[in-house]
Amino acid sequence: MFGRIGKSTLRDLADEDVMARFQDGDARAFEVIFDRHAAVAFSLAYRICGRRAIAEDIVQESFLSLWRSGARYDPTRGSVRSWILGTVHNRAIDSFRKERLTSSRNVGDEGLAERLPAPQRTEAEIERRDDARQVRAALITLPEEQRRVIELAYFGGFSHTEIADLLGLPAGTVKGRMRLGLTKMRVALAGPADVML
Amino acid sequence: MTSREAMSGNPGCGLDAAAYVLNALEPDEAEAFHRHLEQCAVCRDEVGSLRDVVDALPMAAPQHPVPRGLHRRVLGAVRREPGQAPPSARASPARWPVAVRAAALAGGLAAIIVAVVVAVTLASGGSPGARVVQASTGNAELRIAGGRGELIVRALPQAPTGQIYEVWLARPNHPLTPTPTLFDVTTAGQASVGIPGDLNGVSEVLVTAEPAGGTRVPTHAPVIVARVD
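Chains as they are written, first to last, in this note's numbering: chain A, 1 to 197; chain B, 1 to 229.
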């Protein structure tokens with residue numbers, strides 16, 4: 001279906017176009033996808049698990065499973081990044097929940113202080129950090145009670161009833177705070193041009 | 001969007017959307033809300049816009065570079081795998097039984113051989129009054145009667161250590177719905193599991209191997225796909 005295409009040309013294509021090559025079994029296309037999304041995938045896994053080795057394993061298993069199931073990517077269901085990070089998120093939460101059952105590790109957002117190599121200042125890296133700064137700002141400027149329930153749900157994998165038990169709140173209050181928090185983040189991330197008045 | 005479809009009439013409409021996109025609803029609540037989405041455009045819009053926010057949440061984590069060596073290990077593992085066949089070599093449904101396509105996806109030669117043999121012998125079956133849907137492997141069939149389903153599995157390998165088989169329902173234009181049905185097979189590879197809920201509107205019943213306790217979003221490719229007409 002596709003003629004041979006150089007890796008440098010692959011890097012100019014959008015994710016969805018690279019995925020078409022990926023689905024044809026092109027390992028170079030896989031490498032382009034990995035290079036684009038592995039850093040945020042590792043950062044997510046590490047944030048949830050707090051263990052570098054476990055986070056690396058999760059990223060490796062996630063990308064390998066994506067390689068094996070690449071034919072099932074459906075662009076109508078979301079971006080390539082959200083597809084990848086969804087897989088990483090699920091595996092990381094499962095790993096975290098298993099560890100939670102066997103230890104009393106604090107579920108806060110600080111893991112062990114591990115030395116990680118300094119990032120390369122590439123254009124993609126700078127853009128990623130700028131995006132991260134914007135999203136982090138939208139989250140940390142939320143009222144504490146809204147930020148907390150969102151973090152417990154997303155980075156801890158807790159259900160709203162588990163969060164209600166943890167915080168001693170009614171379940172409806174937890175749902176309401178999730179809704180308010182995500183709505184505020186939606187406005188903050190949309191920017192002034194997209195806000196509907 | 002019809003006026004009937006626009007609002008479900010539920011005064012609590014939209015309250016569960018945030019918890020839903022955060023995967024923070026209990027399984028029965030998630031299933032009920034998922035059904036509600038089919039009738040409520042307001043909630044569908046809410047879910048769509050909030051999902052964009054949740055998709056951005058990974059960026060709120062402190063960002064780190066890829067650890068040294070991980071790139072090499074992952075690419076090395078990929079190059080050692082058989083990988084997916086290019087389109088010219090990939091079988092079309094008209095040339096091969098559905099069972100063989102799914103078994104090829106799983107990548108096991110032994111599975112292909114078994115699936116071909118079993119597909120031939122499952123040409124007919126099912127109890128009177130029931131509709132039998134041959135699943136993607138010849139080792140499974142879905143029996144539907146009165147809108148309720150039962151999945152009959154034969155010769156499926158036991159789930160890997162620490163994993164369980166989970167049943168999912170697919171509906172057109174909707175994300176996969178997890179069910180509370182988690183199962184493993186006997187040492188003979190057999191199982192018979194009821195599919196909870198009504199199968200009306202369901203286009204596929206799928207089975208994946210997931211971590212023990214199940215997951216809210218599949219993390220593996222399906223081992224069984226039963227397409228419901």
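Any given hint might turn out to be false.
Stated by the list, open to error - Under 10 Å between C-beta atoms, here's a sample of chain B residues computed to sit facing chain A:
no., residue
1, Leu22
2, Val66
3, Gly69
4, Gly147
5, Pro175
6, Thr177
7, Pro180
8, Thr181
9, Ala221
10, Pro222
Unchecked claim - FRET-style restraints, in silico, Cβ to Cβ:
no., chain 1, residue 1, chain 2, residue 2, range
11, B, Gly189, A, Ala190, 30 to 38 Å
12, B, Gly76, A, Leu13, 20 to 28 Å
13, B, Gln190, A, Thr122, 50 to 58 Å
14, A, Thr9, B, Gly69, 38 to 46 Å
15, A, Ile126, B, Thr186, 28 to 36 Å
16, A, Leu13, B, Arg68, 43 to 51 Å
17, B, Arg79, A, Leu167, 46 to 54 Å
18, A, Val187, B, Val217, 49 to 57 Å
For the record, the hints were derived by calculation from the structure and aren't laboratory data.
Quick reminder that beta carbons are idealized off the backbone N, C-alpha and C, glycines included.
Status of each hint after checking the structure:
Hint on Leu22(B) holds. Least Cβ distance to chain A is approximately 4 Å, under the 10 Å limit. Hint status for Val66(B): holds, given a least beta-carbon distance of 5 Å to chain A, under 10 Å. Interface hint at Gly69(B): satisfied, since its Cβ lies 8 Å from the closest Cβ of chain A, which is below the 10 Å cut-off. Checking Gly147(B) against chain A: minimum C-beta separation of about 26 Å lies over 10 Å; hint violated.
Taken as an interface hint, Pro175(B) checks out: its beta carbon lies about 7 Å from the nearest beta carbon of chain A, inside 10 Å. The beta carbon of Thr177(B) comes no nearer than 13 Å to any beta carbon in chain A, farther than 10 Å, and the hint placing it at the interface is violated. Interface hint status for Pro180(B): violated, as the beta-carbon distance to the closest one in chain A is roughly 14 Å, over 10 Å. For the restraint placing Thr181(B) at the interface with chain A, the shortest Cβ-Cβ distance is roughly 18 Å, beyond the 10 Å limit, so the hint is violated.
For the restraint placing Ala221(B) at the interface with chain A, the shortest Cβ-Cβ distance is roughly 4 Å, inside the 10 Å limit, so the hint holds. Against a cut-off of 10 Å between C-beta atoms, the interface hint on Pro222(B) holds, since the closest Cβ of chain A lies about 8 Å away. Gly189(B) and Ala190(A) have their C-beta atoms about 52 Å apart, which leaves the hinted 30 to 38 Å range violated. The given range of 20 to 28 Å is respected by Gly76(B) and Leu13(A), whose C-beta atoms sit roughly 24 Å from each other.
Checking the proposed 50 to 58 Å range against Gln190(B) and Thr122(A) shows it holds: the Cβ atoms sit about 54 Å from each other. Taking 38 to 46 Å as the suggested C-beta distance range, the pair Thr9(A) and Gly69(B) does not conform, at roughly 28 Å. For the hinted restraint 28 to 36 Å between Ile126(A) and Thr186(B), the CB-CB distance of approximately 56 Å leaves it violated. The given range of 43 to 51 Å is broken by Leu13(A) and Arg68(B), whose C-beta atoms sit roughly 27 Å from each other.
The supplied range of 46 to 54 Å is met by Arg79(B) and Leu167(A), whose beta-carbon atoms lie about 48 Å from each other. Here the CB-CB span from Val187(A) to Val217(B) is close to 26 Å, at odds with the stated 49 to 57 Å.
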